[in-house]
Every structure is written in C-alpha cells, then in structure tokens.
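A.B. asks: Single-letter residue listing:
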Amino acid sequence: MSVPTTHIVTLAALLFAVGAGGVLLRRSGISVLLGIELMLNAVNLTLVAFARQHGHLDGQVFVFFIMAVAAAEVAVGLALLVAIFRHQQSIDVDRLNILRW
Amino acid sequence: MELAVFYVAAVVAVATGVLAVAHRNPVVNVMSLVVTFFCVAVCYALLAAPFLAAAQILVYAGAILVLFLFVVMLLNAPLPTTDQPRKAQRIVGAAAVALVGLGGAALALLVAPAPRAPVAEGTAAAIGRLLVGPHLFAFELVSVLLLAALVGAMVLVKRKA
Chain A
1 MSVPTTHIVT LAALLFAVGA GGVLLRRSGI SVLLGIELML NAVNLTLVAF ARQHGHLDGQ
61 VFVFFIMAVA AAEVAVGLAL LVAIFRHQQS IDVDRLNILR W
Chain B
1001 MELAVFYVAA VVAVATGVLA VAHRNPVVNV MSLVVTFFCV AVCYALLAAP FLAAAQILVY
1061 AGAILVLFLF VVMLLNAPLP TTDQPRKAQR IVGAAAVALV GLGGAALALL VAPAPRAPVA
1121 EGTAAAIGRL LVGPHLFAFE LVSVLLLAAL VGAMVLVKRK A
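From first to last, the protein sequence lines are chains A and B. Residue numbering for the first sequence follows this note's numbering, starting at 1 and increasing by one per position. Residue numbering for the second sequence follows this note's numbering, starting at 1001 and increasing by one per position.
I should point out that these hints are in silico values taken from the structure, not numbers from a laboratory. Where is the CB? At the ideal position from N, CA and C, for every residue including glycine. Careful: at least some of the hints might be erroneous.
[To be verified] Ranges of calculated distance between the beta carbons of each label pair, as one might list FRET restraints:
(1) B/P1134 / A/D94: 42 to 50 angstroms
(2) B/P1115 / A/D58: 13 to 21 angstroms
(3) B/M1154 / A/G55: 36 to 44 angstroms
(4) A/Q89 / B/P1115: 54 to 62 angstroms
(5) A/Q88 / B/Q1089: 15 to 23 angstroms
(6) A/I66 / B/R1090: 27 to 35 angstroms
(7) A/R86 / B/P1050: 37 to 45 angstroms
(8) B/A1095 / A/R100: 19 to 27 angstroms
(9) A/R95 / B/A1004: 45 to 53 angstroms
(10) A/I66 / B/L1147: 17 to 25 angstroms
(11) A/S2 / B/V1066: 30 to 38 angstroms
All chains should be modelled from the sequences, with the hints used to inform the complete structure.
C.D. replies: Here it is, written out as structure tokens:
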C-alpha cells in the first residue's frame, strides 16, 4: 500500500517546525542557515506529495528549481558568514546590530 | 512494506532534524542533517520521484552540506558560550514552533485530500522533457542565478589586495 499524502504532509509540517525552531531559537549563524535548509526540504516534500496526489509532474519541476535556488542561497549565505566572521570574529547573530539606529 | 519504510524514514528524519538544530556542536549539526536529507530522499523515492531522490542526495547531501562542513572547519569558530536564547526569544520561538508544527499537522490530517489521480512517475526523462519544454525560460534563468551566486560568493570572501 502506498503512503497516504496526509502522512507525508504531516511529516513535512513537523520538519518545517523543527527548522523554524532552529532559525528562531539559535544564535549561531550556521544553525540559522541549517534551519532554513530544513524548512526548504519540508516544503519540497509537500510539493512532491501533492505532485503525486494530482498526477502532475509540475510540482517535481518546482522542487528541482527550489534545489537550485537553495544551492545559490547557501553559497551566498555562507560567504556572508565568512565575511562577517572576518569582520568581527563571531557568527553570533545577536551581535550583528551595527545597522541599528 | 512501503508504509513501514516511510514510517522508519519519517521517525529518523524528525529525530536527526531535532539533533541538527538543537545540538551544540556544529559538526554534529551538519552530520545529522545529512541523515535527515537521506531520509527525505527515501520519501521522494516512495513518492514516485526517483530523479528528485537522486538529485536530493547529489545536491543536498553531496554539495550543500559539504559546503557547510567546509565553512564550519574553515571558521573554526569557538563554540559560543552564550548560545542561550533570551527569555522573550525563547517564549516567542517556542510558541511559533508549536503553532506551526501542531497547526500544520492538524490541517494535514483534518483536511480531506482531493481524489488521487493516476501516478505520474518523475523519471529523469519525464522531468527533463518538462524542463526543456514548458519551463525552458526558468531553466535558463536558473543558470544565470547560479552564475551570479558563484561570482557573488567569490567576491564576498575575497580578501582585500
């Protein structure tokens, strides 16, 4: 018997919540980026589940594009982290407050 | 059989996902996220998406997390001794996480899905035909985006001469 779509979407909701927890509760910049990756994967999972539900492949094509954009996002995000670390010897996101008024 | 595989993959994915965001050691975070992404790839394989399962392992586990690991080791940042969220941050964050998780799970389980259409298998041939057919413009745009990200990342980490 194939996996019901509702169970897949439930798993995706849980993974998204875990990723959101990483973004909201951690102060290390790397953990924040990891949380974003986890949330992107959760969304990809729902897209694939609904693509199967509707018998359409467009959802899987969207996932392909999201993977490409995630790769670009991670490359730039990690480069920013490296630049920030060189600038102030820390990747604590709470210390990035020099743009405050 | 498929259901059993899915439940094992789901439990492992959530457990390693929690480890990936909760553990203090960044190397443990990245390595457990590798396991999470493998479990997601298993789910793709169960959902008639073999091409995406392969792409997930190649792109995420193979490229993105290696990049993460590389940066973790390059920075060699000391483990933050103050990596404790502030009180307000903890309350708001926990509330948001509970809302998203429970709300999403409840919605997913309560709303009756549309009737299942015949399955379209996402093989490399089928996806490729869609990519160079109706989605050709977006496909070309992605290549420009990747080039821009590549150049941007190099410029950002370049030391001043």
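A.B. asks: Please go over all the hints and tell whether each is borne out by the structure.
C.D. replies: Hints and how they fare:
1. Between B/P1134 and A/D94 the C-beta distance comes to about 45 angstroms, which sits within the given range of 42 to 50 angstroms.
2. Under the hint 13 to 21 angstroms, the C-beta atoms of B/P1115 and A/D58, about 18 angstroms apart, fit the expected range.
3. At roughly 43 angstroms, the beta-carbon separation of B/M1154 and A/G55 lies within the given 36 to 44 angstroms, and the hint holds.
4. A hinted range of 54 to 62 angstroms for the beta carbons of A/Q89 and B/P1115 is consistent with their spacing of about 58 angstroms.
5. Between A/Q88 and B/Q1089 the CB atoms are about 21 angstroms apart, so this pair conforms to the stated range of 15 to 23 angstroms.
6. In this structure the hint that A/I66 and B/R1090 lie 27 to 35 angstroms apart at CB holds, the actual value being about 30 angstroms.
7. As the Cβ distance of A/R86 to B/P1050 is approximately 42 angstroms, the hint placing it in 37 to 45 angstroms holds.
8. In this structure, B/A1095 and A/R100 meet the distance hint of 19 to 27 angstroms, their C-beta atoms being roughly 25 angstroms apart.
9. Judged by the Cβ atoms, the range 45 to 53 angstroms given for A/R95 and B/A1004 holds: they are separated by roughly 47 angstroms.
10. At roughly 18 angstroms, the beta-carbon separation of A/I66 and B/L1147 lies within the given 17 to 25 angstroms, and the hint holds.
11. Restraint check, A/S2 to B/V1066: a C-beta distance of roughly 33 angstroms satisfies the suggested window 30 to 38 angstroms.
Checked against the numbered hints given earlier, this structure breaks none of them.
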